[in-house]
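Student: The listed protein sequences derive, respectively, from chains A and B.
Using the working numbering, read the first sequence as starting at 1 and increasing by one per residue.
Using the working numbering, read the second sequence as starting at 1 and increasing by one per residue.
No wet-lab data here; the hints were simulated from the structure.
Hints should not be assumed to be uniformly reliable.
What the hints assert, rightly or not - In silico SDA-like cross-links for lysine to any residue, where the CA-CA straight-line distance does not exceed 25 Å:
#	chain 1	residue 1	chain 2	residue 2
1	B	Lys72	A	Ser219
2	B	Lys173	B	Glu131
3	B	Lys80	A	Val197
4	B	Lys100	A	Phe8
5	B	Lys132	B	Gln91
6	B	Lys100	B	Ile118
7	B	Lys84	A	Glu223
8	A	Lys3	B	Lys132
9	B	Lys80	A	Leu193
10	A	Lys3	B	Ile114
11	A	Lys3	B	Ile220
12	B	Lys80	A	Ile195
13	B	Lys54	B	Ser32
14	B	Lys84	A	Ser198
15	B	Lys100	A	Ala7
16	B	Lys208	B	Ile39
17	A	Lys222	B	Tyr112
18	B	Lys100	A	Gly261
19	B	Lys100	A	Tyr308
20	B	Lys173	B	Lys84
21	B	Lys54	A	Arg71
22	A	Lys222	B	Lys72
23	B	Lys132	A	Gly209
24	B	Lys54	A	Phe225
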Amino acid sequence: MPKIKIAFLILITVLIFLSALFIGPRIINPVGIGDTEREILFSIRLPRVVVALLMGIALGAAGAILQGVLRNPLADPYILGISSGASLSAALGLLMGIYSFGRFTIPLTAFIGACLVSMLVGVFGWRRGGLWPERLLLAGVGLSFLFHAMLMLLMSVSSDEGLRRAVLWMFGDLAMADWSLVPYGFIFIISGLVISVSRSRALNALILGDEFAHSLGFSVNKERFFLFISMALMTAASVSLGGTIGFIGLLIPHIMRFIVGADSRVLIPASAIGGGAFLCLADLIGRSIMPPMEIPSGIITAIIGSPYFLYLLRRKDVLSI
Amino acid sequence: MSSASEMPILELSNVSFSYPGSRMIISGLSFSVHNGEFIGLLGANGSGKSTILKLSSGILRPYAGDVRLWNKPLGTFRNKDRAKLMCYLPQLLDINVPFKVRELVSMGLYPYDIPPHITAEEALYAVGLSEKSESYITNLSGGERRRVFIAMTLVQGAGILLLDEPLANLDIKYQLEFLRLLHDLREKRGIAIIMALHDINIALQFEKVMLIKDGKILDIGNPDAVLTGGMLKDAFDVGIDIKRQASGEAYISYKENI
Chain A
1 MPKIKIAFLI
11 LITVLIFLSA
21 LFIGPRIINP
31 VGIGDTEREI
41 LFSIRLPRVV
51 VALLMGIALG
61 AAGAILQGVL
71 RNPLADPYIL
81 GISSGASLSA
91 ALGLLMGIYS
101 FGRFTIPLTA
111 FIGACLVSML
121 VGVFGWRRGG
131 LWPERLLLAG
141 VGLSFLFHAM
151 LMLLMSVSSD
161 EGLRRAVLWM
171 FGDLAMADWS
181 LVPYGFIFII
191 SGLVISVSRS
201 RALNALILGD
211 EFAHSLGFSV
221 NKERFFLFIS
231 MALMTAASVS
241 LGGTIGFIGL
251 LIPHIMRFIV
261 GADSRVLIPA
271 SAIGGGAFLC
281 LADLIGRSIM
291 PPMEIPSGII
301 TAIIGSPYFL
311 YLLRRKDVLS
321 I
Chain B
1 MSSASEMPIL
11 ELSNVSFSYP
21 GSRMIISGLS
31 FSVHNGEFIG
41 LLGANGSGKS
51 TILKLSSGIL
61 RPYAGDVRLW
71 NKPLGTFRNK
81 DRAKLMCYLP
91 QLLDINVPFK
101 VRELVSMGLY
111 PYDIPPHITA
121 EEALYAVGLS
131 EKSESYITNL
141 SGGERRRVFI
151 AMTLVQGAGI
161 LLLDEPLANL
171 DIKYQLEFLR
181 LLHDLREKRG
191 IAIIMALHDI
201 NIALQFEKVM
211 LIKDGKILDI
221 GNPDAVLTGG
231 MLKDAFDVGI
241 DIKRQASGEA
251 YISYKENI
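Here chain B stands alone, though its shape is the one from the complex:
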């Protein structure tokens, strides 16, 4: 999966940003994303994971530095064209208006004049919510709501997905199904994914992780190299061991008792 020689599809160089009156500052942030990459974004609460995703998607504009999409400055894209290439799914999904599930999923088609590859029905099937198509979103559980919005991002069909903790509120079954779904998409359509997440065990399964602390990248690369006890101690301020099963699979164990 090495594609370093190819042109990055998303590239942040020397990006700086801070919220007024907030301690969290991002300065000189640089990284790039290539076609088909699946990157896990890890860091403690308030470390800047969401901010990095928002800067990448253009929701926040950096004070300094450059965000480039397909080698063009992000700001030069028409909004609709950008939406066809890149999709951002926020962490908070507080919807109090009774949209029907089908209506919401179909909103993924808004950037398009001609509907693309996947229909709302297919997307709902993919997230296991076919039978909820006519339900009101306000009647669904937190996990079901998240799956509805995941279906919406599928319909939007962008090549880069920026997902802010999409696994939150999901049962372990749907966490795994969702990850499989993303892997499938990557195989079939070569999309790139950056996903903020909390679960280090899941991050250990990724091919690439980015560890964040105080708005800076501690390290980026293969989880075997990045997610070491020392690094994790630095990022999360908790003693964690990475252990390996006989089968070679890595998992974490906490040094501290609860």
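Extracted from the complex, chain A is given alone in its bound form:
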């Protein structure tokens, strides 16, 4: 049964992907493509849609992992400040002129930032031998404010190029998307997905609690470490590609739990697919609804997502928080 649902999800995603390519302020007829259309399609639309898809995949999967590892239905890379920490780290890297690894420097510094912030949030959330959900969230929110403020500070003192990227990282603006970082983002996301899916049984056990996970034959710390690394890889990829976009990591796993169930072996891939489709759709709506003005994807995701999320919240059998 989950297989049919996943196949259906993939089908919907493909349809949204194609619509996002051909629909926009200028509707392109796939049959008779002229030079201008080709230019729009391959230089503007395709990179943008691919970036949206990849970011959504990364955020959806990262949210599913974080909610499981932290045993917290409100966890997501954005709320916990991991996204903004990754943005800040990448921005600092650019500002200090670290280009040792070429373009790869951006996702790499973002990854380091994501790992450091994860640890920091963990340290603040840790008390008496366990992670406390409320402490964890408050620590994340606090750190997130700090990182945003620092990004803003960077923005106000930086050069034009720095400014451009800092804006991107604060508001998640897909209009600036291009091909340059797509290969690195792709590699990070694939690695993150492979690691997390191969550890999804352990994630199921960790959702029950550390003691269960131990009793079921998992090394709790090792599994948690690998799952965090996979989450950090995907968060870094999404931040490098198009900045911080909230809500997807929080919302998509809940919706997917409703559709495919809570088993992480299905939930992680489903959240990835659902996240990709959702961000593509949000971006498509944002740039088509009143051209030439563009509504940022983050706003669209919130407008579509919140009511559905609130509806789910009312259903006790889906979310018993």
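Mind docking chain B on chain A? Use the hints.
Tutor: Same frame as chain A, but now just chain B:
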């Protein structure tokens, strides 16, 4: 049921442990468990029952001393191999993720590459929850949840079960059925069980009990010998009498009025 001559399957020798900043200290704890033994772990709140089970299962590591499983140090086992031999069921089962009952019970198969003796369906039947197989765990009552996790431990099929107050939240009917189920398992598969519990009347039915106070073993052995008024006064700080019915069955009576 005397098997003292056999090799113990679980052995703690001179184990010491304490939580940082806590008064409860375990020092020099030693006991052993043999095949087919069914041991009741009794003691007041905070006496160290859970800690002893966690030390036995390897969730907590002792500062000093030795925990051996089948005569090998516990730490030398691969995690999966350990999980096939020993299973720990925590006291708190706070699950807020809507897993289906069947999915949860099947997690007992995680240590295995080839599924062993019992299926999720059989385990659910054994705990009387066949019809709940497709329900969400979050919709079940506390007692039903506990039975789901008991079914999961059945599926895991380990030879040693470390159960932290498995009878909590269970109706008396399911308490008795659960105990019968464990006795059955012991008969058929020779598994050993250590169970923390509160009900002294139930402990009186066990063949062996271990009475704990302040992280130390007050006494271990047959309940007739261990669970005396004096011992219970020492362990629980309450005046309790052990009485016997004409049929020989023992039960407790409180000396103090409520």
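Student: All hints are to be evaluated individually against the structure, with a verdict given for each.
Tutor: Taking the hints in turn, this is what the structure says about them:
1. For the suggested pair Lys72 of chain B and Ser219 of chain A, the alpha carbons sit about 19 Å apart, so the restraint of at most 25 Å is met.
2. Restraint check for Lys173 of chain B and Glu131 of chain B: satisfied, since their Cα atoms lie roughly 18 Å apart, inside the 25 Å limit.
3. With a CA separation close to 19 Å, the supplied pair Lys80 of chain B and Val197 of chain A stays within the 25 Å bound.
4. A hinted pair counts as satisfied when its Cα atoms are at most 25 Å apart, and Lys100 of chain B with Phe8 of chain A qualifies at roughly 22 Å.
5. Among the hinted pairs, Lys132 of chain B with Gln91 of chain B is consistent with the structure: their alpha-carbon atoms are about 22 Å apart, no more than 25 Å.
6. For the hint linking Lys100 of chain B to Ile118 of chain B, the alpha-carbon distance of about 19 Å falls within 25 Å, and the restraint holds.
7. Restraint check for Lys84 of chain B and Glu223 of chain A: the C-alpha separation of about 19 Å stays at or below 25 Å, so the hint holds.
8. At roughly 23 Å between alpha-carbon atoms, Lys3 of chain A and Lys132 of chain B fall within 25 Å of each other, so this suggested pair holds.
9. Between Lys80 of chain B and Leu193 of chain A the alpha-carbon distance is near 24 Å, which keeps this suggested pair within the 25 Å criterion.
10. Restraint check for Lys3 of chain A and Ile114 of chain B: satisfied, since their Cα atoms lie roughly 23 Å apart, inside the 25 Å limit.
11. For the hint pairing Lys3 of chain A with Ile220 of chain B, the CA-to-CA distance comes to about 54 Å; that exceeds 25 Å, so the pair is violated.
12. Between Lys80 of chain B and Ile195 of chain A, the direct Cα distance comes to roughly 19 Å. Compliance with the 25 Å bound is thereby established for this hinted pair.
13. A C-alpha spacing of about 15 Å is found between Lys54 of chain B and Ser32 of chain B, which places the hinted pair at or below 25 Å, so the restraint holds.
14. For the proposed pair Lys84 of chain B and Ser198 of chain A, the alpha carbon gap of about 21 Å is at most 25 Å, so the pair holds.
15. Of the supplied pair hints, the one linking Lys100 of chain B and Ala7 of chain A holds, its CA atoms being roughly 22 Å apart against a limit of 25 Å.
16. A distance of roughly 5 Å separates the Cα atoms of Lys208 of chain B and Ile39 of chain B; the hinted pair therefore holds under the 25 Å criterion.
17. Annotation: proposed proximity of Lys222 of chain A to Tyr112 of chain B holds, straight-line Cα distance about 19 Å (limit 25 Å).
18. A C-alpha spacing of about 8 Å is found between Lys100 of chain B and Gly261 of chain A, which places the hinted pair at or below 25 Å, so the restraint holds.
19. Between Lys100 of chain B and Tyr308 of chain A the CA atoms are separated by roughly 22 Å; this keeps the pair inside 25 Å, and the hint holds.
20. Simply put, Lys173 of chain B and Lys84 of chain B have alpha-carbon atoms about 29 Å apart, too far for the 25 Å limit, and the pair is violated.
21. Annotation: proposed proximity of Lys54 of chain B to Arg71 of chain A holds, straight-line Cα distance about 21 Å (limit 25 Å).
22. Taking the CA atoms of Lys222 of chain A and Lys72 of chain B, the gap is near 23 Å; set against the 25 Å cutoff, the hint holds.
23. For a cut-off of 25 Å, the pair hint linking Lys132 of chain B to Gly209 of chain A stands: about 23 Å separates their Cα positions.
24. Between Lys54 of chain B and Phe225 of chain A, the direct Cα distance comes to roughly 22 Å. Compliance with the 25 Å bound is thereby established for this hinted pair.
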